[in-house]
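S.K.: Once you've looked at the hints, dock chain F against the given chain G.
There are 2 protein chains.
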Amino acid sequence: MYREEIKVLDCTIRDGGLINNYHFTDHFVDTVYRSACDAGVDIIELGKKLCESDEYTRVKYGRWNFCDDDDLKRVIDSHDSEYRPLVAVMYDVGRIDLSALQPRDQSPIDMIRTACYVADIDKGIDLAKRTKDLGYETTINIMAPSAAIESDLVEGLQQVNLADEVDYLYLVDSYGAFYSEQVTHYLNLYKTHAPNKELGFHAHNNQQLAFSNTQQAIIDGVNLLDATVNGIGRGAGNCNLELLLNFLKNPKFDVRPVYKAIQEVFVPLREEIEWGFNDIYGISGHLNQHPRAAMKQRSDEKNRDDCYDFFLESAAEIA
Amino acid sequence: MYREEIKVLDCTIRDGGLINNYHFTDHFVDTVYRSACDAGVDIIELGKKLCESDEYTRVKYGRWNFCDDDDLKRVIDSHDSEYRPLVAVMYDVGRIDLSALQPRDQSPIDMIRTACYVADIDKGIDLAKRTKDLGYETTINIMAPSAAIESDLVEGLQQVNLADEVDYLYLVDSYGAFYSEQVTHYLNLYKTHAPNKELGFHAHNNQQLAFSNTQQAIIDGVNLLDATVNGIGRGAGNCNLELLLNFLKNPKFDVRPVYKAIQEVFVPLREEIEWGFNDIYGISGHLNQHPRAAMKQRSDEKNRDDCYDFFLESAAEIA
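As you go down the protein sequences, you meet chains G and F in turn. Quick note: the first sequence uses the working numbering, first residue 1, plus one each step. Quick note: the second sequence uses the working numbering, first residue 1, plus one each step.
So here's chain G without its partners, still in its complex pose (with noise of 0.2 Å):
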């Protein structure tokens, strides 16, 4: 599949912080941080840029939920490279500091991110017009569609529509719920009632879908696409950037980096943390439901594996 409007966004350290609260090496993250750009990634995104406070200290989160722009320019500076991805940070609304972000030209941040759920797009928006105001490029990820009412979600779609400030308008897969099939219902959704956005997707590997997912997405015209290396991110993972690369054809990408970046830090890494597709999220998948008890679940030494009756208690708390 090659088409030359389409991006790619790495998300790796953003989402698989999630899974060890952002307590990345700095040699972890400079080596994502090569692979990017020797890949030629388009967008990578290293972190959240939440707000410190006493109790929200960077020793305790990990740096990469704040994203200092001293932090993010040792990291540029770590890798010598004639071509570089834009830098994005992701804002959750009601945990940040707008008043901590300087202007895009004296940053090394290009574009902001913000996640929010469906009734929080109003606040979403205002994020977007502040940090569009300060010169960056600007996203709305609309969280849980899947668990959304149709109807405040259409009408979410449509304020969004009118924003001009928001560059892109994310479907976002957050419980890894879909098949191809809701992607493109959702996507007709996103395209009816928000027809002025570029449209970018974000998959979860609850069900093995988030790679062909992806490309449904493709196909369904989106040109914006996020993917992390080896599929790290919360519970399931992501849309493995090495296999959508292999996808794409566009010969500005090449895939060696990523597979040199896996080879060199993730597969070390595996040894610590576990993400990927398991029994336990692809029921959790199935079941359209928060990552939360399946987390929990994997979290339980003892009863990790326990795919039946982690089925039967999903599926009776659901009944």
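Any given hint could turn out to be false.
Stated by the list, open to error - List of simulated lysine-lysine pairs, DSS-like, C-alpha gap at most 27 Å:
no., chain 1, residue 1, chain 2, residue 2
1, G, 302, F, 252
2, F, 129, F, 73
3, F, 7, F, 252
4, F, 296, F, 7
5, G, 132, G, 197
6, F, 7, F, 132
7, F, 260, G, 296
8, G, 260, F, 197
9, F, 302, G, 260
10, F, 260, F, 249
11, F, 191, F, 249
Hints listed in this document are in silico derivations from the structure and should not be mistaken for laboratory results.
M.R.: Quick look at chain F alone, frame taken from chain G:
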């Protein structure tokens, strides 16, 4: 997705046996059979039916490489069930002894699937005819069509189309190389050149696409679907039966017995043998290669995760 005509074939033992030389315990095989009965699976394939010899013995190659009637009967009798799936076995062209096969009415077997490469389609059709004469349901599973010259494949399809004794014609993604586009492309070829045949689909999970490609096959009209419990199978394995049953809305299926079998016997087996997606199989699928080299790499304890090296070597070999 609900379509009344859809049938599911559980090839857990036959494809899974390729990993451990068919050395499953009786308890394991009985559990898989019980799961198939209780889940309402249409057909269960319990192994290959190859020809025994002094060199090629049941002790060395496992009893499910040979599927003697007594072994099959023992499994069938192990579970008291009102509903019973049809029992299938696989024939490999050139490695069978037809004289050892009883007519269907004196045999525990209902279906014989003949696997052959494009070059051996004549021999495959001959076997299908002779097994049909004995009363069996028959399939031709053309292996590795992605590696065949398309005009040769088309000629083979036309021959199969003329053979009334072939009940089902299978599209097999032996190398796990297909994206959904290729599934559709090949199925269009099969439908054009073998319009008389009911079609089957057999996936491999090299690129995390076995399940999604099986969905694509359904969308494209295929009514006989292969899957294995927990995705067990050679290399990256197959389409996960439990994911497929979750997807299919047909009320005749019940996924719970499959999860029960996973929890009871597959979780322990995963400690002993490996199957499923990993980086090495992803590369082999992407490059449309026989999984031989990937399996060799995975069996090399020291370098099994060296995906960057494997990518460079594999790409160089086909350059």
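S.K.: Hint by hint, say whether it matches the structure.
M.R.: Against the structure, the hints come out as follows:
no. : hint          : verdict
1   : G:302 x F:252 : 33 Å, violated
2   : F:129 x F:73  : 25 Å, holds
3   : F:7 x F:252   : 10 Å, holds
4   : F:296 x F:7   : 34 Å, violated
5   : G:132 x G:197 : 15 Å, holds
6   : F:7 x F:132   : 20 Å, holds
7   : F:260 x G:296 : 20 Å, holds
8   : G:260 x F:197 : 46 Å, violated
9   : F:302 x G:260 : 17 Å, holds
10  : F:260 x F:249 : 20 Å, holds
11  : F:191 x F:249 : 25 Å, holds
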